[in-house]
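Student: Chain by chain, the residues:
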Amino acid sequence: MAGEQVEKRGVKYKSSIKDPGTPGFLRINEVMLLFVPNDPKSDSKLKLQTKNIKSHKYTKEGSNKPPWLYLTTYQGRNHIIEFENYSDMHTCRDFVAALLKSDEEPKKAAVTTSTEQLSIKELELRFKLLKENSELQRLHKQFVESKVLTEDEFWATRKKLLGKDSIRKSKQQLGLKSMMVSGIKPSTDGRTNRVTFNLTPEIIFQIFAEKPAVRQAFINYVPSKMTEKDFWTKYFRAEYLYSTKNTAVAAAEAAEDEELAVFLKPDEILARETRQKIRRVDPTLDMEADEGDDYSHLMDHGIQRDGTMDVVEPQNDQFKRSLLQDLNRHAAVVLEGRSIDVDSEDTRIVAEALTRVKQVSKADGETTKDANQERLERMSRVAGMEDLQAPQNFPLAPLSIKDPRDYFESQQGNVVNVPRGAKGLKRNVHEAYGLLKDSIVEIRATGLSDPLIKPEVSFEVFSSLTRTISTAKNIIGKNPRESFLDRLPKSTKDEVLHHWTSIQELLRHFWSSYPITTPYLHTKVGKLKDAMSNTYSKLDAMKESVQSDLRHQISLLVRPMQQALDAAFQHYEADLQRRTAKSSDGERPNGYV
Amino acid sequence: MPSVASKQYSDDVSLLVLLLDTNPLFWSNTSITFSQFLSHVLAFLNAVLGLNQLNQVVVIATGYSSCDYIYDSSLTSNHGNFESRGTGMPPLFASLLKKLEDFVTKDEELSREEGHEDRTPSCLLSGSLSMALCYIQRVFRSGHIHPQPRILCLQGSPDGPEQYVAVMNSIFSAQRLMVPIDSCYIGVQNSAFLQQASYITGGVHHTPKQLDGLFQYLTTIFATDLHSRGFVQLPKPIGVDFRASCFCHKKTIDMGYICSVCLSIFCEHHKKCSTCGSVFGQSKLDEASSVSDKKRKAPHT
Numbered sequence: 001m002a003g004e005q006v007e008k009r010g011v012k013y014k015s016s017i018k019d020p021g022t023p024g025f026l027r028i029n030e031v032m033l034l035f036v037p038n039d040p041k042s043d044s045k046l047k048l049q050t051k052n053i054k055s056h057k058y059t060k061e062g063s064n065k066p067p068w069l070y071l072t073t074y075q076g077r078n079h080i081i082e083f084e085n086y087s088d089m090h091t092c093r094d095f096v097a098a099l100l101k102s103d104e105e106p107k108k109a110a111v112t113t114s115t116e117q118l119s120i121k122e123l124e125l126r127f128k129l130l131k132e133n134s135e136l137q138r139l140h141k142q143f144v145e146s147k148v149l150t151e152d153e154f155w156a157t158r159k160k161l162l163g164k165d166s167i168r169k170s171k172q173q174l175g176l177k178s179m180m181v182s183g184i185k186p187s188t189d190g191r192t193n194r195v196t197f198n199l200t201p202e203i204i205f206q207i208f209a210e211k212p213a214v215r216q217a218f219i220n221y222v223p224s225k226m227t228e229k230d231f232w233t234k235y236f237r238a239e240y241l242y243s244t245k246n247t248a249v250a251a252a253e254a255a256e257d258e259e260l261a262v263f264l265k266p267d268e269i270l271a272r273e274t275r276q277k278i279r280r281v282d283p284t285l286d287m288e289a290d291e292g293d294d295y296s297h298l299m300d301h302g303i304q305r306d307g308t309m310d311v312v313e314p315q316n317d318q319f320k321r322s323l324l325q326d327l328n329r330h331a332a333v334v335l336e337g338r339s340i341d342v343d344s345e346d347t348r349i350v351a352e353a354l355t356r357v358k359q360v361s362k363a364d365g366e367t368t369k370d371a372n373q374e375r376l377e378r379m380s381r382v383a384g385m386e387d388l389q390a391p392q393n394f395p396l397a398p399l400s401i402k403d404p405r406d407y408f409e410s411q412q413g414n415v416v417n418v419p420r421g422a423k424g425l426k427r428n429v430h431e432a433y434g435l436l437k438d439s440i441v442e443i444r445a446t447g448l449s450d451p452l453i454k455p456e457v458s459f460e461v462f463s464s465l466t467r468t469i470s471t472a473k474n475i476i477g478k479n480p481r482e483s484f485l486d487r488l489p490k491s492t493k494d495e496v497l498h499h500w501t502s503i504q505e506l507l508r509h510f511w512s513s514y515p516i517t518t519p520y521l522h523t524k525v526g527k528l529k530d531a532m533s534n535t536y537s538k539l540d541a542m543k544e545s546v547q548s549d550l551r552h553q554i555s556l557l558v559r560p561m562q563q564a565l566d567a568a569f570q571h572y573e574a575d576l577q578r579r580t581a582k583s584s585d586g587e588r589p590n591g592y593v
Numbered sequence: 001m002p003s004v005a006s007k008q009y010s011d012d013v014s015l016l017v018l019l020l021d022t023n024p025l026f027w028s029n030t031s032i033t034f035s036q037f038l039s040h041v042l043a044f045l046n047a048v049l050g051l052n053q054l055n056q057v058v059v060i061a062t063g064y065s066s067c068d069y070i071y072d073s074s075l076t077s078n079h080g081n082f083e084s085r086g087t088g089m090p091p092l093f094a095s096l097l098k099k100l101e102d103f104v105t106k107d108e109e110l111s112r113e114e115g116h117e118d119r120t121p122s123c124l125l126s127g128s129l130s131m132a133l134c135y136i137q138r139v140f141r142s143g144h145i146h147p148q149p150r151i152l153c154l155q156g157s158p159d160g161p162e163q164y165v166a167v168m169n170s171i172f173s174a175q176r177l178m179v180p181i182d183s184c185y186i187g188v189q190n191s192a193f194l195q196q197a198s199y200i201t202g203g204v205h206h207t208p209k210q211l212d213g214l215f216q217y218l219t220t221i222f223a224t225d226l227h228s229r230g231f232v233q234l235p236k237p238i239g240v241d242f243r244a245s246c247f248c249h250k251k252t253i254d255m256g257y258i259c260s261v262c263l264s265i266f267c268e269h270h271k272k273c274s275t276c277g278s279v280f281g282q283s284k285l286d287e288a289s290s291v292s293d294k295k296r297k298a299p300h301t
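Residue numbers (my numbering), protein chains in the order written: chain R, 1 to 593; chain U, 1 to 301.
Hints should not be assumed to be uniformly reliable.
[Unchecked claim] With a straight-line cut-off of 25 Å between C-alpha atoms, the simulated SDA-like cross-links for lysine to any residue are:
hint, chain 1, residue 1, chain 2, residue 2
1, R, Lys65, R, Val6
2, U, Lys236, R, Asp549
3, U, Lys98, U, Glu113
4, U, Lys106, R, Asp549
5, R, Lys454, U, Asp212
6, U, Lys98, R, Val6
Source of the hints: derived by calculation from the structure; they are not laboratory data.
Sequences are here, hints too, so could you generate the full structure?
Tutor: In structure tokens, the structure reads:
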């Protein structure tokens with residue numbers, strides 16, 4: 001097995017998961033991997049050097065998935081190879097693993113993904129995310145492919161993205177058909193007297209959901225008393241009898257065949273359920289109990305008359321079923337939706353599952369004694385009539401309204417001012433008032449001054465105002481909403497924003513690695529520090545390169561980024577110093593480098 | 001300025017409430033005399049009334065100890081009552097001047113009675129703002145259609161820090177009612193109250209440099225109705241002075257202590273808040289260092 005090369009036939013090559021795969025022939029040796037398709041005209045030939053293979057993954061033998069070998073290259077391309085059986089796949093996989101191991105640098109401390117079992121689905125998800133989000137792709141390219149961060153570290157902080165996507169992929173549940181069960185029309189053969197009903201699992205589910213009595217009967221009778229086929233034959237006989245609206249015949253047949261009678265009688269289980277719901281209805285208008293129920297299954301509720309003129313004998317009353325009852329019941333079931341997820345074909349399993357669900361919901365809905373008591377109390381409280389109640393003497397609490405003057409005047413205390421001579425001020429005030437009154441008298445006598453305003457003054461005012469407005473516009477900008485970023489040229493703006501996100505990514509990983517306890521973290525921190533110094537120098541370069549009128553604003557923008565990086569560098573230096581000091585002391589606590 | 005569409009009957013009909021500063025202590029030492037000032041203002045009022053037939057003007061005088069309504073253009077008892085004695089004053093404003101004179105007399109009497117020695121020479125801005133807002137509220141409640149109101153504050157007196165709370169309350173009420181407060185400050189120092197008022201309510205604040213061109217300033221900047229302000233560029237101040245006054249001493253401060261329950265401002269550390277009574281916790285630092293507990297007051301927006 002650990003030979004010079006491996007060759008396999010019957011192999012399929014897929015460029016992506018969705019690709020059905022082209023069959024062909026695969027050969028791997030130390031230097032090269034070659035895939036040649038069987039069909040000479042197809043062009044999915046693959047030839048790559050083994051040293052370009054970065055990692056490989058494979059599907060597990062026990063799972064339902066076909067045997068796939070998943071190869072990733074350093075260029076970022078992925079190849080999937082499907083084998084005929086697992087043993088083939090394992091030989092190839094082992095060979096590739098051996099190759100990779102020999103290629104690997106021994107001092108690469110990062111956790112290799114080849115030892116992990118990433119599911120194909122998750123990889124797919126990652127690639128999809130990268131393709132959709134170009135910013136993410138840029139970050140990924142910058143860090144993961146320059147080996148600053150490993151793939152896992154990169155995605156570890158983005159679990160939210162991955163998780164959310166997988167939820168989206170779950171299948172949407174199908175609802176129930178709106179076609180009514182009683183609307184299933186049989187196909188009739190014109191020549192003979194036979195009618196043929198078609199029964200699908202879908203219809204069976206609907207019947208069980210709408211008619212709990214039928215479900216119960218199924219569980220009871222099949223397979224003990226009759227086969228499934230017989231059961232359904234009887235059921236459809238009952239349906240047929242209903243559709244003919246011939247109650248006399250129905251009564252006769254019910255008397256003969258007790259199993260048939262089950263289908264012909266009104267649904268006892270339903271009636272019980274609705275009776276219980278009615279009991280729970282709060283006379284104080286609690287709408288919850290009205291959810292999806294219909295009272296027409298109870299014989300003394302609901303509308304019996306459906307406009308038909310035929311007279312039914314009293315003892316045959318129960319064999320009559322009206323369209324309204326059917327409609328209401330069907331609508332209630334459709335609105336409830338699919339309550340179980342069972343996909344199976346076996347009718348019995350479906351029936352049992354439905355029963356279980358109904359039992360659970362009944363148990364939840366059952367009111368305990370305490371709850372009943374509480375309900376009764378609440379009802380009597382809400383429905384009480386005020387004038388019949390005893391007079392209630394509530395203890396009075398006096399209103400405490402503060403005098404607003406207190407508030408305002410207390411705020412006026414302690415006014416510390418330069419004290420003036422009181423007399424002097426009074427005289428001043430008196431004089432001032434006198435002056436004011438004189439002015440008013442004067443203007444009444446002389447009227448408005450003419451000219452009101454000199455033209456030169458007016459012109460000066462205008463020009464100064466215009467100057468004020470235009471300078472304000474220059475400083476604040478035409479649009480107060482416009483931010484400085486929009487005024488930069490597009491490439492600079494993109495660069496600034498990209499630096500911001502990459503610095504955030506780096507710092508997130510940097511700060512999460514402290515305190516350093518393993519050598520892995522130590523190397524990681526070292527790599528991160530190098531990347532950060534790199535970014536720092538890039539920021540400096542950007543500041544220099546920008547036009548002079550924007551330089552000040554750019555440096556203001558860049559300053560917080562550089563401050564964050566400086567803080568990180570400081571911490572790194574301090575930690576390093578502490579560490580060397582500690583090790584030079586001769587003490588070596590466990591685990592520290 | 002956004003205005004509710006149902007509250008107007010024409011885009012540019014405005015109700016201007018003018019708050020006239022008649023503080024004698026200010027007018028006794030200014031470069032422009034009161035009579036010149038009045039002639040500019042009266043001509044401006046005439047211009048505003050001439051812009052639209054349905055415009056209304058209300059004048060409130062802001063005195064030293066009291067405020068009063070001086071003129072309301074919607075009242076019909078304005079003209080005709082006063083025979084023109086051959087004076088130069090148009091009869092439209094004769095009543096205004098008469099009322100102004102009466103008001104000044106009354107104000108003088110009030111100030112003599114109260115004897116405010118320690119007060120700063122400020123006018124009663126809070127009182128006139130409240131009166132203006134009451135009038136505007138009455139107009140709002142008068143029916144569906146009415147002019148768009150705004151307040152213009154013509155003031156020269158400095159701010160009285162003891163009126164800080166009342167003035168801020170009026171400003172917030174104006175903001176709620178969506179009534180812009182324009183302010184034209186003709187005094188020497190800066191008025192923080194007026195700047196804040198215009199900033200918060202979306203009005204225009206301006207300090208004219210040349211007082212003999214006051215009429216030009218008034219007609220260029222302050223005569224624009226609210227609808228036209230959407231397409232006319234008016235001068236904006238570069239910065240706003242957001243300083244508040246402390247509640248204990250009425251000093252203007254820009255760094256102080258704030259109660260976290262009622263947001264009252266104090267200039268020094270107190271054990272208990274005097275407004276809401278909540279007890280303040282222990283200060284985390286000793287008396288020596290006194291930086292971290294102080295918070296800079298944020299602007300009201």
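Student: Now tell me if each hint is right for this structure.
Tutor: Here's how the hints hold up against the structure:
1. About 23 Å separates the Cα atoms of Lys65 (chain R) and Val6 (chain R), which keeps this hinted pair within 25 Å; it holds.
2. In summary, the hint linking Lys236 (chain U) to Asp549 (chain R) is supported, as the alpha carbons are separated by about 24 Å, within the 25 Å threshold.
3. With a C-alpha separation of about 23 Å, the suggested pair Lys98 (chain U) and Glu113 (chain U) falls inside the 25 Å cut-off, and the hint holds.
4. For the suggested pair Lys106 (chain U) and Asp549 (chain R), the alpha carbons sit about 60 Å apart, so the restraint of at most 25 Å is broken.
5. At roughly 8 Å between alpha-carbon atoms, Lys454 (chain R) and Asp212 (chain U) fall within 25 Å of each other, so this suggested pair holds.
6. This hinted pair does not check out: Lys98 (chain U) and Val6 (chain R) have alpha carbons roughly 114 Å apart, beyond 25 Å.
Violated hints, in rising order: 4 and 6; the structure is consistent with all others.
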